[in-house]
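K.L.:
Sequence:
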Amino acid sequence: MTVIHRWLVPLIVTAHAVAASADQATDKQQQSTIARWTAEKICEMGVDAFYALPDPELKTMFERDTSMRYEDVPNAPTDQEKSRITGQLMGYLMAACPQQLESYKNR
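Numbering that gives the first Met the number 0 puts the first residue of the sequence shown at 0, with every later residue one more than the last.
Bear in mind the hints are in silico, worked out from the structure with no lab data behind them. Keep in mind that this is a model prediction, so the values were computed, not measured. Be careful, since some hints might not be right.
As the list claims (entries may be wrong) - With a Cα cut of at most 20 Å, we get these calculated EDC-like pairs of lysine to aspartate or glutamate:
#1 K40 to D64
#2 K27 to E39
#3 K27 to D64
#4 K27 to E70
#5 K81 to E101
#6 K104 to D26
#7 K58 to D47
#8 K40 to E101
#9 K40 to D78
#10 K81 to E39
#11 K104 to E39
#12 K27 to E43
#13 K58 to E70
#14 K58 to D71
#15 K104 to D78
#16 K104 to D47
#17 K40 to E62
#18 K27 to D78
#19 K40 to E70
#20 K104 to E70
#21 K58 to E39
#22 K40 to D54
#23 K81 to D26
#24 K81 to D71
#25 K27 to E56
#26 K27 to E80
#27 K58 to D78
#28 K27 to E62
#29 K58 to E43
Stated by the list, open to error - Cβ pair distances, simulated, as ranges:
#30 G86 to E62: 22 to 28 Å
#31 A95 to L52: 15 to 21 Å
#32 M60 to S102: 17 to 23 Å
#33 S102 to K81: 17 to 23 Å
#34 M67 to M44: 15 to 21 Å
#35 A75 to Q28: 19 to 25 Å
#36 N105 to Q28: 27 to 33 Å
#37 A51 to Q28: 25 to 31 Å
#38 A51 to D26: 27 to 33 Å
#39 A24 to N105: 27 to 33 Å
#40 R68 to E39: 14 to 20 Å
Positions of the beta carbon are idealized from the N, C-alpha and C atoms, including for glycine.
Produce the entire structure from the sequences given, and follow the hints as far as they go.
P.N.:
In structure tokens:
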């Protein structure tokens, strides 16, 4: 019984961790929403002003402007999520406000 218990507990903990991280994952549409919204705000406010916003204000703006909850934005995005969001964000900046793109890259 002890051997099974030692094997089963880490398996259950791992399964819960994987399930929790899967719940946090964003789909492609959400990633696109995050990228587009962020780019729009950077174009309106500038890179430094956008990133200086306090979390409560950012949360209010994000939830007002999108159909997503602020909590849906991944705190620790996967490499794939980070790459997709960053790529789309830079594409939006290049098209809508290229003057902010350099500031964003240098951040």
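K.L.:
Evaluate each hint against the coordinates.
P.N.:
Taking the hints in turn, this is what the structure says about them:
The hinted pair formed by K40 and D64 meets the criterion: a straight-line CA distance of about 10 Å does not exceed 20 Å. Between K27 and E39, the direct Cα distance comes to roughly 18 Å. Compliance with the 20 Å bound is thereby established for this hinted pair. Only pairs whose Cα atoms come within 20 Å are accepted, and K27 paired with D64 is accepted, the gap being roughly 18 Å. About 16 Å separates the Cα atoms of K27 and E70, which keeps this hinted pair within 20 Å; it holds.
Our distance criterion of 20 Å between C-alpha atoms is met by K81 and E101, whose separation comes to about 19 Å. Note on K104 and D26: the hinted pairing is violated, with a Cα-Cα distance of about 25 Å set against a maximum of 20 Å. Note on K58 and D47: the hinted pairing holds, with a Cα-Cα distance of about 17 Å set against a maximum of 20 Å. Taken as a hint, the K40 and E101 pair is honoured in the structure, with Cα atoms around 16 Å apart against an allowance of 20 Å.
For the hint linking K40 to D78, the alpha-carbon distance of about 23 Å lies beyond 20 Å, and the restraint is violated. A C-alpha spacing of about 18 Å is found between K81 and E39, which places the hinted pair at or below 20 Å, so the restraint holds. Distance check on the hinted pair: K104 and E39 sit about 16 Å apart at the alpha-carbon level, within 20 Å; holds. Taking the CA atoms of K27 and E43, the gap is about 24 Å. The hint is violated against a cut of 20 Å.
Proposed proximity of K58 and E70 is supported: the alpha carbons are some 8 Å apart, at most 20 Å. About 11 Å separates the Cα atoms of K58 and D71, which keeps this hinted pair within 20 Å; it holds. For the proposed pair K104 and D78, the alpha carbon gap of about 18 Å is at most 20 Å, so the pair holds. For a cut-off of 20 Å, the pair hint linking K104 to D47 stands: about 12 Å separates their Cα positions.
Distance restraint check for K40 and E62: the Cα-Cα separation of roughly 13 Å lies within the 20 Å cut-off, and the hinted pair is therefore satisfied. A C-alpha spacing of about 14 Å is found between K27 and D78, which places the hinted pair at or below 20 Å, so the restraint holds. Proximity of K40 to E70 is assessed by CA-CA distance (about 18 Å); at most 20 Å being required, the pair is judged to hold. Taking the CA atoms of K104 and E70, the gap is about 25 Å. The hint is violated against a cut of 20 Å.
This hinted pair checks out: K58 and E39 have alpha carbons roughly 15 Å apart, not beyond 20 Å. A threshold of 20 Å between alpha carbons decides the hint, and for K40 with D54 the separation of about 14 Å falls inside it, so the pair holds. Distance check on the hinted pair: K81 and D26 sit about 12 Å apart at the alpha-carbon level, within 20 Å; holds. As the CA atoms of K81 and D71 are separated by approximately 14 Å, the hinted pair is consistent with the 20 Å bound.
A distance of roughly 25 Å separates the Cα atoms of K27 and E56; the hinted pair therefore is violated under the 20 Å criterion. Among the hinted pairs, K27 with E80 is consistent with the structure: their alpha-carbon atoms are about 8 Å apart, no more than 20 Å. A distance of roughly 23 Å separates the Cα atoms of K58 and D78; the hinted pair therefore is violated under the 20 Å criterion. A threshold of 20 Å between alpha carbons decides the hint, and for K27 with E62 the separation of about 18 Å falls inside it, so the pair holds.
Taking the CA atoms of K58 and E43, the gap is about 17 Å. The hint holds against a cut of 20 Å. Here the CB-CB span from G86 to E62 is close to 24 Å, well matched to the stated 22 to 28 Å. Between A95 and L52, the C-beta spacing of about 19 Å keeps the proposed range 15 to 21 Å intact. Hint check: M60 to S102, Cβ distance near 20 Å, so the stated range 17 to 23 Å holds.
The hint said 17 to 23 Å for the Cβ distance between S102 and K81, and at roughly 19 Å that hint holds. One distance hint, 15 to 21 Å for the beta-carbon pair M67 and M44, holds here, with the actual separation near 19 Å. Between A75 and Q28 the beta carbon distance is about 20 Å. The supplied range of 19 to 25 Å therefore holds. A hinted range of 27 to 33 Å holds for the C-beta pair N105 and Q28, which are about 29 Å apart.
Roughly 28 Å separates the CB atoms of A51 and Q28, a value that falls within the hinted 25 to 31 Å. Distance hint for A51 and D26: a CB-CB separation of about 29 Å, consistent with the stated range 27 to 33 Å. The hint said 27 to 33 Å for the Cβ distance between A24 and N105, and at roughly 30 Å that hint holds. Between R68 and E39 the beta carbon distance is about 18 Å. The supplied range of 14 to 20 Å therefore holds.
The structure fails hints 6, 9, 12, 20, 25 and 27 (numbered hints given earlier, in ascending order).
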